[in-house]
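Chemist: Sequence:
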Amino acid sequence: MTNEDRLGFAELLKGVYDFYGRDLSDASITLWWEATKQFDLDVIRKALGQHVMNPDTGQFIPKPADVVKMMGGTTQDAGLVAWSKFARALESLGTYRTVVFDDPLIHRVVEDMGGWTVVGMCNAKDWPFRENEFVTRYRGYKMRGETPPYAPRLIGIFDGSNAANGFSVGDDNLVLVGDQERARLVLAGGTATPKVGLTAMSALTAKTVEKLEAK
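In the numbering used here, the protein residues as written are -8 to 206.
Treat the hints loosely; a few may be bogus.
Claimed, not checked - Simulated crosslink set (DSS-like; lysine-lysine; CA at most 25 Å straight-line): (1) Lys54 / Lys116; (2) Lys54 / Lys28; (3) Lys76 / Lys28; (4) Lys116 / Lys76; (5) Lys54 / Lys76.
To be verified - Computed beta-carbon distance windows for the label pairs: (6) Met104 / Phe149: 34 to 44 Å; (7) Pro143 / Thr21: 32 to 42 Å; (8) Gly131 / Arg173: 16 to 26 Å; (9) Arg13 / Lys116: 24 to 34 Å; (10) Pro119 / Arg175: 24 to 34 Å.
Because the hints were derived from the structure by calculation, they are not lab data. Note that beta-carbon positions come from the ideal geometry of N, C-alpha and C, so glycine has one too.
With these hints in hand, go ahead and build the complete structure from the sequences.
Modeler: Quick look at the structure:
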């Protein structure tokens, strides 16, 4: 969650506590916030709903540990939702356009799997395996409550070709997927720095040539 979610988070907790006939202090809200702020508000809302409906534990007021315990199922759901968003965008746009999703984890997972064009061009028989890989990777990041470094945009064929030929990559072929404002935040928060500190071979080759020519 972000600081913008804090008010909605407090209202959610107050509603749950009202359901159990209990008051919620500001100190308790702060403890809840610190314990669960690494998760998305929608995921917490779903986990609290699952706790309330649980026939074994639903009669007891939830604690942060109960919500985290419920995350095992909700991260699976979140991964499937993210895959569905990715698959719909791919089906409607193809791999020629460059895209920015409203979820930075989609960017990181797609990068880990080879990139927008690589994943998009896999054949039909591999599609179920790609879905399973995507959801598994997404859940891993989600359960750790982290947003790792990610590319600001997933480059399509047009922009990839332009970049390879020395042209700058603009926004002419850029498509925002999902919530437009959140997608813009994803675009602004991305980084072009390689994830594992690698230097492109072309750069190494260029430096080697320069050294040889200088001798």
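Chemist: Hint by hint, say whether it matches the structure.
Modeler: Hint by hint, here is what the structure shows:
Of the pairs offered as hints, the one joining Lys54 and Lys116 is violated, with about 44 Å between alpha carbons and a cut-off of 25 Å exceeded. In summary, the hint linking Lys54 to Lys28 is supported, as the alpha carbons are separated by about 14 Å, within the 25 Å threshold. At most 25 Å may separate the alpha-carbon atoms for a hinted pair to count; Lys76 and Lys28 meet this at roughly 24 Å. For the hint linking Lys116 to Lys76, the alpha-carbon distance of about 20 Å falls within 25 Å, and the restraint holds.
Between Lys54 and Lys76, the direct Cα distance comes to roughly 31 Å. Violation of the 25 Å bound is thereby established for this hinted pair. Take Met104 and Phe149: their Cβ atoms lie about 21 Å apart, and the range 34 to 44 Å is violated. Restraint check, Pro143 to Thr21: a C-beta distance of roughly 33 Å satisfies the suggested window 32 to 42 Å. A beta carbon spacing of about 22 Å between Gly131 and Arg173 agrees with the range 16 to 26 Å that was offered as a hint.
For Arg13 and Lys116, the hinted distance range of 24 to 34 Å is not satisfied, since their beta carbons lie about 54 Å from each other. Evaluation of the 24 to 34 Å hint for Pro119 and Arg175 yields a pass: the beta carbon distance comes to about 33 Å.
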